[in-house]
Amino acid sequence: MKPDLSEYVASRVAILDRVRRILRDTMKLKIEAEAIDPDAPLFGTGLGMDSVDAVELLMQLDSVFGLYLAGSPQDFVKIRTVNTIVDAVMELGDEP
Amino acid sequence: MSHAAQITGWGVASAIGVGRERFRSALFRGEIGIAPIRRFDTSAFTTHVGAMVVGYESDDRDPSVLCREFGLLALRDALEHARLDRNSLRSLRVAMTLGASLFGVQNTECLARGLLEELSIEGPSITVSTACTSSTQAIGFGADLIREGFADVVLAGGVDTLTPALFAGFHALGVLSEGPCAPFGRQMGTTLGEGAGFLVLERRGARDAVTRGLLRGYGLSGDAYHETSPEPRGRGVAAAIRSALDDAGASEDEIGYFNAHGTGTTANDTAEWCAIQSVFGSELASSLPLSSSKGHLGHAQSAAGVLEVITTLECMGAGLAPTTGGFDGPRPGGPPRPLGARKPQPLAYELALSSNSAFGGNNCALVFGGTNPPGPDAEESRRRVFVSTAAPLCAGVSRVEELASIYESKSAPLDRELMIDLAAELPRVDLRGIDRASELLTTVTWRALGDAGVQLRGKIRERTGLIVGALRASPDSLARFHASIVQRGLAKPDATAFAQLLPSAAQSACAKALNIRGPQSTITVGEGSGLMACAIAAWMLAGRSDSDRIVAAALDTRAEGAPGGARGDAACAVVLGTAPTSVEVVGIGVAGPHQLHEAIAQAQRRWGSPEPPEIVLAPASKPGSGPEERAHPFAGMPSTSSSFALAHAFGLLRRRMARSALIGVGGTTASVAIIVASTEVNYET
Amino acid sequence: MSLEDEYRAVRHHAALSRMDHVGLLRLVGDDAIEAVDAVCSGDLWVRDGRMLQTLILDDRAQPVADVYVCPDNDACFLMVEGITTEELSECLARHVDPDLDFELEDLGPEHELLSVHGPYAWEVMSRWLTPDIIGLPYLSFYHFDLGVCFRAGKTGEFGYDLMLRNEHASKARSELLELVTSLDGAEVSLEALDLCALENGFFSIRHGSVDGLTPIELQLQWRVSTRKRFPGVAAIEERRARGIRRRLTHFVAADGVKSGDVLRGPDSPLGEVMTAAFSPAVGGVVGTALLDISVAHPGIAELFVRDRDATFPIRTVSSPLVLNRSLLVDPRSETYATREDSLRPPLWQGALP
Numbered sequence: 001m002k003p004d005l006s007e008y009v010a011s012r013v014a015i016l017d018r019v020r021r022i023l024r025d026t027m028k029l030k031i032e033a034e035a036i037d038p039d040a041p042l043f044g045t046g047l048g049m050d051s052v053d054a055v056e057l058l059m060q061l062d063s064v065f066g067l068y069l070a071g072s073p074q075d076f077v078k079i080r081t082v083n084t085i086v087d088a089v090m091e092l093g094d095e096p
Numbered sequence: 001m002s003h004a005a006q007i008t009g010w011g012v013a014s015a016i017g018v019g020r021e022r023f024r025s026a027l028f029r030g031e032i033g034i035a036p037i038r039r040f041d042t043s044a045f046t047t048h049v050g051a052m053v054v055g056y057e058s059d060d061r062d063p064s065v066l067c068r069e070f071g072l073l074a075l076r077d078a079l080e081h082a083r084l085d086r087n088s089l090r091s092l093r094v095a096m097t098l099g100a101s102l103f104g105v106q107n108t109e110c111l112a113r114g115l116l117e118e119l120s121i122e123g124p125s126i127t128v129s130t131a132c133t134s135s136t137q138a139i140g141f142g143a144d145l146i147r148e149g150f151a152d153v154v155l156a157g158g159v160d161t162l163t164p165a166l167f168a169g170f171h172a173l174g175v176l177s178e179g180p181c182a183p184f185g186r187q188m189g190t191t192l193g194e195g196a197g198f199l200v201l202e203r204r205g206a207r208d209a210v211t212r213g214l215l216r217g218y219g220l221s222g223d224a225y226h227e228t229s230p231e232p233r234g235r236g237v238a239a240a241i242r243s244a245l246d247d248a249g250a251s252e253d254e255i256g257y258f259n260a261h262g263t264g265t266t267a268n269d270t271a272e273w274c275a276i277q278s279v280f281g282s283e284l285a286s287s288l289p290l291s292s293s294k295g296h297l298g299h300a301q302s303a304a305g306v307l308e309v310i311t312t313l314e315c316m317g318a319g320l321a322p323t324t325g326g327f328d329g330p331r332p333g334g335p336p337r338p339l340g341a342r343k344p345q346p347l348a349y350e351l352a353l354s355s356n357s358a359f360g361g362n363n364c365a366l367v368f369g370g371t372n373p374p375g376p377d378a379e380e381s382r383r384r385v386f387v388s389t390a391a392p393l394c395a396g397v398s399r400v401e402e403l404a405s406i407y408e409s410k411s412a413p414l415d416r417e418l419m420i421d422l423a424a425e426l427p428r429v430d431l432r433g434i435d436r437a438s439e440l441l442t443t444v445t446w447r448a449l450g451d452a453g454v455q456l457r458g459k460i461r462e463r464t465g466l467i468v469g470a471l472r473a474s475p476d477s478l479a480r481f482h483a484s485i486v487q488r489g490l491a492k493p494d495a496t497a498f499a500q501l502l503p504s505a506a507q508s509a510c511a512k513a514l515n516i517r518g519p520q521s522t523i524t525v526g527e528g529s530g531l532m533a534c535a536i537a538a539w540m541l542a543g544r545s546d547s548d549r550i551v552a553a554a555l556d557t558r559a560e561g562a563p564g565g566a567r568g569d570a571a572c573a574v575v576l577g578t579a580p581t582s583v584e585v586v587g588i589g590v591a592g593p594h595q596l597h598e599a600i601a602q603a604q605r606r607w608g609s610p611e612p613p614e615i616v617l618a619p620a621s622k623p624g625s626g627p628e629e630r631a632h633p634f635a636g637m638p639s640t641s642s643s644f645a646l647a648h649a650f651g652l653l654r655r656r657m658a659r660s661a662l663i664g665v666g667g668t669t670a671s672v673a674i675i676v677a678s679t680e681v682n683y684e685t
Numbered sequence: 001m002s003l004e005d006e007y008r009a010v011r012h013h014a015a016l017s018r019m020d021h022v023g024l025l026r027l028v029g030d031d032a033i034e035a036v037d038a039v040c041s042g043d044l045w046v047r048d049g050r051m052l053q054t055l056i057l058d059d060r061a062q063p064v065a066d067v068y069v070c071p072d073n074d075a076c077f078l079m080v081e082g083i084t085t086e087e088l089s090e091c092l093a094r095h096v097d098p099d100l101d102f103e104l105e106d107l108g109p110e111h112e113l114l115s116v117h118g119p120y121a122w123e124v125m126s127r128w129l130t131p132d133i134i135g136l137p138y139l140s141f142y143h144f145d146l147g148v149c150f151r152a153g154k155t156g157e158f159g160y161d162l163m164l165r166n167e168h169a170s171k172a173r174s175e176l177l178e179l180v181t182s183l184d185g186a187e188v189s190l191e192a193l194d195l196c197a198l199e200n201g202f203f204s205i206r207h208g209s210v211d212g213l214t215p216i217e218l219q220l221q222w223r224v225s226t227r228k229r230f231p232g233v234a235a236i237e238e239r240r241a242r243g244i245r246r247r248l249t250h251f252v253a254a255d256g257v258k259s260g261d262v263l264r265g266p267d268s269p270l271g272e273v274m275t276a277a278f279s280p281a282v283g284g285v286v287g288t289a290l291l292d293i294s295v296a297h298p299g300i301a302e303l304f305v306r307d308r309d310a311t312f313p314i315r316t317v318s319s320p321l322v323l324n325r326s327l328l329v330d331p332r333s334e335t336y337a338t339r340e341d342s343l344r345p346p347l348w349q350g351a352l353p
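Top line first, the protein sequences correspond to chains A, B and C.
The first sequence begins at 1 in my numbering and counts up one residue at a time.
The second sequence begins at 1 in my numbering and counts up one residue at a time.
The third sequence begins at 1 in my numbering and counts up one residue at a time.
If you are wondering where the hints come from, they were derived from the structure by calculation, not from laboratory data.
Note that the structure is predicted; figures quoted are calculated from it, not measured.
Take these hints with a grain of salt, some might be off.
[Stated by the list, open to error] Computed cross-link-like contacts, DSS-like style, restricted to lysine-lysine with a CA-CA straight-line distance of at most 30 angstroms:
(1) Lys228(C) <-> Lys28(A)
(2) Lys78(A) <-> Lys258(C)
(3) Lys78(A) <-> Lys30(A)
[What the hints assert, rightly or not] One-sided and incomplete, this derived list gives chain B residues near chain A with beta-carbon spacing under 7 angstroms:
(4) Thr228
(5) Gly489
(6) Lys492
(7) Ala495
(8) Ala499
Even for Gly, the Cβ is constructed at its ideal location relative to N, Cα and C.
With the sequences and hints as input, model every part of the structure.
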């Protein structure tokens, strides 16, 4: 694999794992972080998080990654799945 | 209820005035008590308004100090209105039912105790801690105390104060409006407030008093839906309203005015309107005069219910209906024409209904009105109350039979941590995020209902209630909430922990997990709360017809690292019901603190037996209070130990090892005595 | 009507369709939920009036059915794709304790399922059924005089499935069609709905092969319990212990990519295309691919399909791909007539490889 590709994947995986751990702790799930599918919906269906969980998740994302999201529909789209959160962190979060 | 309690006075401390006179004139002028908050810094938040009690806008003393002051102001005001001076108080049996969910403060029962002591009143006090329905429920239970003959006068009401932590929690949940709230209006969100209010409820004929109104009935229900959102179609709210109408013997078309909970949030107002339409029918609902007082008073939380009833009573007496301050045009999904002017509007009506709802799904509605009694008091048909099952839980005890060996040997329960795995017992319930307190309570409630063969499906859910005696909010959630504020600042608290901070959080979580939708509440009397919960459950089953069984539960939780640690965790659920079993509740007594002998005498009289009970269990759990008390096995479990005693007595009677038993507790804010007897040898009065 | 027009109806207006491919069943009896619990892979944490999406797996943990479980007091509705009623019956017979009290009713012969999807589907239902419909939460249902209304849908837009008795179906259909057309929508085919489902990351049991694939590879672990026993649980545990090696990932491409194509990386083959379809919103192909775990991440542009001398690159993406209009519509404060389309962002804001 080309070095930039493996570097890209490595940074994604690091953020992915961190986000999964945040979710597992926020929602007090008794499952392995790896069992959280990166594309599983977080709200409504999928992991079934609700609006109170969303509040805590947004605070954690701000505190851990410097990713500040206000809660408008466009912002909500960024936290639909773990992968969309990773996308947002890579694009808008603090440098690691 | 067949004997409507008379209302002989009321008193207030509110955001539009302290004392009835000032309150009334401000109310009739249409004053809005919402203003920029001066008590604490709100710059980190997106909203900056609140409704502080007049004169206390900048007062940032300890919340329990403020609550006590508000409470005393309102109480003295009420006693004066009812023309009850020290002499008359001494010659009557006086009690207090207080709605208070003091945020994050432990031992809320001390507030009630302190208020009564200040007024030299020695009767019992029961604190109801169900957030926004606290004072509404307190009024209902106050009327019960009169109907049951435990008091001649009840001071029923509530107090609350607006603290930075409370403000931060609501703000994090996104439910605060930017400006002053507009219930049923276009601006979404609510405005927090504070205050205190009391009604003076009296038994008719107790003394020569002026009747200023009648409390005709009350109804309770639970949504069993979500920690903070109401069930969207208002199912629970509708159930409470119907139950109140039924209790009052009134039909929907007799209601001349409806005072809604109307917080202004998106979730509450639409659910409430759905409920109103469901109960009254869309035609009647569209012509029903309705309004919310929160536009004028803010959301006074534990004091909201009583302040809204007093608002209505003041207006009713002047031929007016309260209106909705801040109303700026109807919102989609809300009532099209609530009373929206700034000042109260002329309206003649005899009967009013007031409704409140709380986080966790508790709903309470009151029907009250003019001074004309509904008719001659109907013959009360009381039901007999039986004990179905009991499920005790603490380290080393998970069955009633295990209690027996501890009582007999007088040895302490095992000195180890209590391990439970609720997920294994309830595989089809989502228990994510459930905290320790809720897990304990749900475990014993599930086991007790299971042993009783009760399957919570269909109508049984609405006919099953839950009364919980607990002393404090969940210590874990409190710790987590405070830690989040320390780490992240007041503007970013842990919203999930906040939702679990209410003393009623465990009750709501349990009701949600098991689908219990009937009458429910969380109360405390300090020591003996579990037994008081049993007494309340028993009198509700006997004197009302809105449930067939009520789980009377007790809960004690210790924070990790506290003395005793998790070893102090305990819970007990006793299922009381109207279906006959071999053990019946034959006598109840309620009296003031340290008046156990009086409570016992009452219970014995109601039983009507010439002989005393065979077994007497009067546990005290204050450690180190005396050589006898130290020998009692369940020290350190103030709420649960008396429930364990009842469970143990039930076990003995069920196995025919005794034919009657007395369980009593002489606690710091109330004394309770319950006599149970085998049904083969029951004495009728 | 072209597929593109049908797609537009679903994504921008309201669309009506017949859902003949969905099995409608009801289990009755004291142990109905327990019976369903025994064959479904997920924890049935679902209450009366709510819906839960779960799976039925075979012994190798391959999905054989995609199921909505809908408890309704003492009964339970099932909406099933992927297996017939007979097959479900056999599955229950094989896995459920025979002493349990339950009975399976096939509602298909006497009922029809009609669906309305789209950012203004709620407006259609608000006029046809009741204005209160906007208060019905996602994944819940309720009974009305002519049948049952389920709020679900796999397009990412507002979606309502109406289970109607046959005698009411054709009148309902023409009334709904009239309402839908009044909002510039149309009746649409299953293909249009499936395209929307693909764009929104909904698993389809009717597309692609699940041979050798478990919920772990298919990103459906959220539908699988980690605590209970169910058909396929041993195979899942084994696969978990072995560790994930491949994962289903979404992608976009300009063209030249179809189901079954091998996907190559700079050094070696790294996967294969599962499903692919042309998307009007993207202006190119959208699809799913089973990729080696080392590249099963969004944002990778190094993979391609080779056909003789031509190479057709793909770019992996997160799903859902589109910013559904339904997320931007507030039923409480707007209607189709008062909508402000010009202010809305495009459905897709990416770049094709």
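Go through the hint on alanine 499(B) and say holds or violated, using the shortest Cβ distance to chain A against 7 angstroms. holds (6 angstroms)
Is the hinted pair lysine 78(A) and lysine 258(C) satisfied, with a Cα-Cα distance of at most 30 angstroms? Since the Cα atoms of lysine 78(A) and lysine 258(C) sit roughly 29 angstroms apart, the hinted pair holds (cutoff 30 angstroms).
Interface hint outcome for alanine 495(B) [beta carbon to chain A under 7 angstroms]: Since chain A brings a Cβ to about 4 angstroms from alanine 495(B), closer than 7 angstroms, the hint holds.
Cut-off 7 angstroms, beta-carbon criterion: hint that lysine 492(B) touches chain A: holds (5 angstroms)
Can you verify the interface hint for threonine 228(B): is its Cβ closer than 7 angstroms to any Cβ in chain A? At 6 angstroms from the nearest chain A Cβ, threonine 228(B) passes the 7 angstroms test, so the hint holds.
Starting from lysine 78(A), check that the Cα of lysine 30(A) is at most 30 angstroms away, please. This hinted pair holds, its Cα atoms lying about 25 angstroms apart.
Is the interface hint for glycine 489(B) satisfied, with its Cβ closer than 7 angstroms to some Cβ of chain A? With a closest approach of 10 angstroms, the glycine 489(B) hint is violated.
CA of lysine 228(C) to CA of lysine 28(A), is that 30 angstroms or under? holds (18 angstroms)
Of the numbered hints stated above, the single one contradicted by the structure is hint 5.
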